[in-house]
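Q: What follows is each chain in one-letter form.
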Amino acid sequence: MAKQFNVRPVRSPNPLPFLSFDVNSAAASTSFSSAPHFPSTAVAGGIGAAGFDDEPPLLEELGINTKQIYQKTLSILNPIRVNHHLHEDADLSGPFLFLIAFGLFQLLAGKLHFGIILGWMTMASMFLYVIFNMLAGRNGNLDMYKCLSLLGYCMLPIVMLSVLSLFVPRGGYVIMALTGVLVIWATRVCTRLVVELANCGDEHARLIEYACFLIYMLFSMLV
Amino acid sequence: MYEEFKSHEIANVLYATGSDILTAYGEKNINISRYMCVNNPRYYFQVNDEYVKNKLKLILFPFLHKGRWMRAMEDDSSSFKSAMHDINAPDLYIPLMAFVTYVLLAAFFLVLCFCRFSPESIGVQFSTGLMCWLMQVLLLEGTLHSLGGGGGSGEIILVPLLDVVSYAGYTFVGAAVVMAVRVSPHPVRWAHLMFCGATLWESFCMGVLLVKIVKRILVFEVPIFDKQMYSTNKRNYVLLFVAAAQFPQLFWLGNVH
Chain E
1 MAKQFNVRPV RSPNPLPFLS FDVNSAAAST SFSSAPHFPS TAVAGGIGAA GFDDEPPLLE
61 ELGINTKQIY QKTLSILNPI RVNHHLHEDA DLSGPFLFLI AFGLFQLLAG KLHFGIILGW
121 MTMASMFLYV IFNMLAGRNG NLDMYKCLSL LGYCMLPIVM LSVLSLFVPR GGYVIMALTG
181 VLVIWATRVC TRLVVELANC GDEHARLIEY ACFLIYMLFS MLV
Chain P
1 MYEEFKSHEI ANVLYATGSD ILTAYGEKNI NISRYMCVNN PRYYFQVNDE YVKNKLKLIL
61 FPFLHKGRWM RAMEDDSSSF KSAMHDINAP DLYIPLMAFV TYVLLAAFFL VLCFCRFSPE
121 SIGVQFSTGL MCWLMQVLLL EGTLHSLGGG GGSGEIILVP LLDVVSYAGY TFVGAAVVMA
181 VRVSPHPVRW AHLMFCGATL WESFCMGVLL VKIVKRILVF EVPIFDKQMY STNKRNYVLL
241 FVAAAQFPQL FWLGNVH
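Here the protein sequences line up with chains E and P, keeping their order.
If you read the first sequence in this note's numbering, its first letter stands for residue 1, the second for the next number, and so on.
If you read the second sequence in this note's numbering, its first letter stands for residue 1, the second for the next number, and so on.
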C-alpha cells in the first residue's frame, strides 16, 4: 500500500530554497517510495517559493530604468536649454550603454578601443572630480558617481561623431568642422549640468568648461 | 580597502625611516614637513577667471608686467593671500590645464602631420611631459638650495613643494603655445622657421619669468639672518643658467615625433 504523500506547497520566506531543505522530515519519512519524491518536492518547492509571478522584473531589479534613460538622453539633445532635474538621480547604465555603443561604432571603423575608452573614462572623471572639488572649496559636493554619470551622458555627441565619421571621408574639412561643433555641444551641456547640479559651480563656470572641453577633445581624438 | 590600508602603513613606515635617517645625519634643521606632506592643495586652486586671464598674460609676456612681483600677505601676516586677490600667487590650475593642453595638441599634431595616431602616443607624450615637469622642479629646487642653503648651519628656504611644482608647470603654457603654432595652418616652407622662432621666443619668456620669480623668492622670502652667504655674482650666474636651461627644454617638448 503506497503511503499517501501530500505535496505541501512550500512557501519559504528565504530566497535560497535549497537551504530550507527540511532535514527532520527527511529523517522522519522512512518509506522507500517517498524518498525519490522528496528531492523533487524540494526542487519544486524551491522554484515555487520564488514563484515567477512574484519576482520583480529583471530590469527593475538591476536598477535600469529605461524610461529614465530615454528621457535623460532626450534632454541632452537640446544644447540650448538643459533640464537638470532629470539628472539629479545619477545613473550608470545610460553611460554604459553609450560607451558600449561608442566602442561598437569604433569597431565598425576598424579600431578596437573598448579598453581604452574604459580607462580614459575613468581617468577623465577622476580629473573632473578633482578639479571641481578643488575649485569649489569646502562646499563642493560633486561625488564620483554623479561625475561619471554626467560625463557618460554627455558622451552622446561623441557617439554621434563616431557614427558620422563612418560615412564622411577621413581627414577632410567636414569631419574637422563636425568634430568642433559636437565637442562644443558636449562641453556646453556637461558644464551646464555640472554647474547646476553641484553647489558653488557658478563662479568657476568658464574654468570647468575648459576642463570639460579638454576631456571631450581627448575622446574626439579617438574618432 | 586592504591596499589602501597597506599603502598608508607603508607611507608611515617610510616617513619614520626617512626622518630617522635624516636625524642620524645631523640634519635636524631640515623641515621634513616640507617634503613629506603637501600642505593644503586647495590653496592653489582658489582661482577665478580674471586671475587666469591676467596670469596668462603675465606668463606669455613677463617683460611687459608693470606691477610689482611681490606676493601680498594676508591681513594678519600669517600667510600669503590666495590667488584670487594676488596675481603673483602660484596656482596649480594653470599648470595642470596647460599640461593637458600640451599633450592634446601634441597628439593633434601627430594626427595632422603624420596621420599616425594611436592612443599609445598620448601615453608617451604624457610621460615625456611629466618627466620634463620633474626636471624643471629639480632645477628650481637645486637653484634654491644652492643659493639659499649656504654652508653649515643652513637656513633653508622654506618654499613649499607645491609652490615650486606650480612655478615649474608654467613652462607648459609656453610649450602649449609652441604646439599651437605648429598645429595652426601655415605654409609648409615656413614650418621649421616658425617652430624655431616660436620656441626661441617662448623659452626667452619663460626664462625671464623664472628668473624674476626665483629672484623674488631669494630676496624677499629667505630668512633674513644671513644674506651675505652667497655673492651676488654667483647668484646672477645661477639665474642665467636657469634661464638658459629653458631653451633645450622647450625644444625637447616641442619636438614631437
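Hints may be right or wrong, so weigh each one.
Claimed, not checked - Partner residues are not named here, just some residues of chain E that face chain P (Cβ under 8 Å, in silico):
(1) A101
(2) L112
(3) I116
(4) M134
(5) Y210
(6) M217
Stated by the list, open to error - From chain P, some residues computed to sit far from chain E (all C-beta separations above 10 Å):
(7) Q46
(8) V47
(9) L60
(10) P62
(11) L96
(12) V100
(13) L104
(14) W133
(15) M135
(16) V181
(17) A191
(18) H192
(19) A198
(20) L240
(21) A244
What the hints assert, rightly or not - Reference excerpt, derived from the structure (chain P facing chain E, CB under 7 Å, subset only):
(22) Y43
(23) K53
(24) E141
(25) G142
It should be emphasised that the hints constitute simulated quantities derived from the structure, not laboratory data.
Using N, Cα and C, we set each Cβ at its ideal position, and we do this for glycine too.
Q: Does the claim that P/A244 lies off the interface hold, with its Cβ farther than 10 Å from every Cβ of chain E?
A: Non-interface label on P/A244 holds, nearest chain E Cβ at 32 Å vs cutoff 10 Å.
Q: Going by Cβ atoms, does P/Q46 stay more than 10 Å from chain E at every point?
A: Label violated. Min Cβ-Cβ 7 Å, cutoff 10 Å.
Q: Does the claim that P/V100 lies off the interface hold, with its Cβ farther than 10 Å from every Cβ of chain E?
A: Not fine: 5 Å to the nearest Cβ puts P/V100 too close to chain E.
Q: P/L60 clear of chain E by more than 10 Å, beta carbon to beta carbon?
A: holds, 17 Å
Q: Checking the smallest CB distance to chain E, is P/V181 really beyond 10 Å?
A: holds, 18 Å
Q: Taking 10 Å as the cut and beta carbons as the points, is P/W133 off the interface with chain E?
A: holds, 16 Å
Q: Grab the minimum C-beta distance from P/K53 to chain E and call the hint holds if it beats 7 Å, violated otherwise.
A: Hint violated; P/K53 Cβ to chain E Cβ min 10 Å, cut 7 Å.
Q: Is the interface hint satisfied for E/I116? The criterion is a beta-carbon contact with chain P at less than 8 Å.
A: holds, 5 Å
Q: Under 8 Å is the threshold here; is the Cβ of E/M134 close enough to any Cβ of chain P for the hint to stand?
A: holds, 4 Å
Q: If I take the minimum Cβ distance from P/A198 to any residue of chain E, is it greater than 10 Å?
A: holds, 21 Å
Q: Can we confirm that no CB of chain E comes within 10 Å of the CB of P/M135?
A: holds, 23 Å
Q: Using Cβ atoms only, decide whether E/A101 comes closer than 8 Å to chain P, and label the hint accordingly.
A: violated, 19 Å
The earlier numbered hints that this structure contradicts are 1, 2, 7, 8, 11, 12, 13, 22, 23, 24 and 25.
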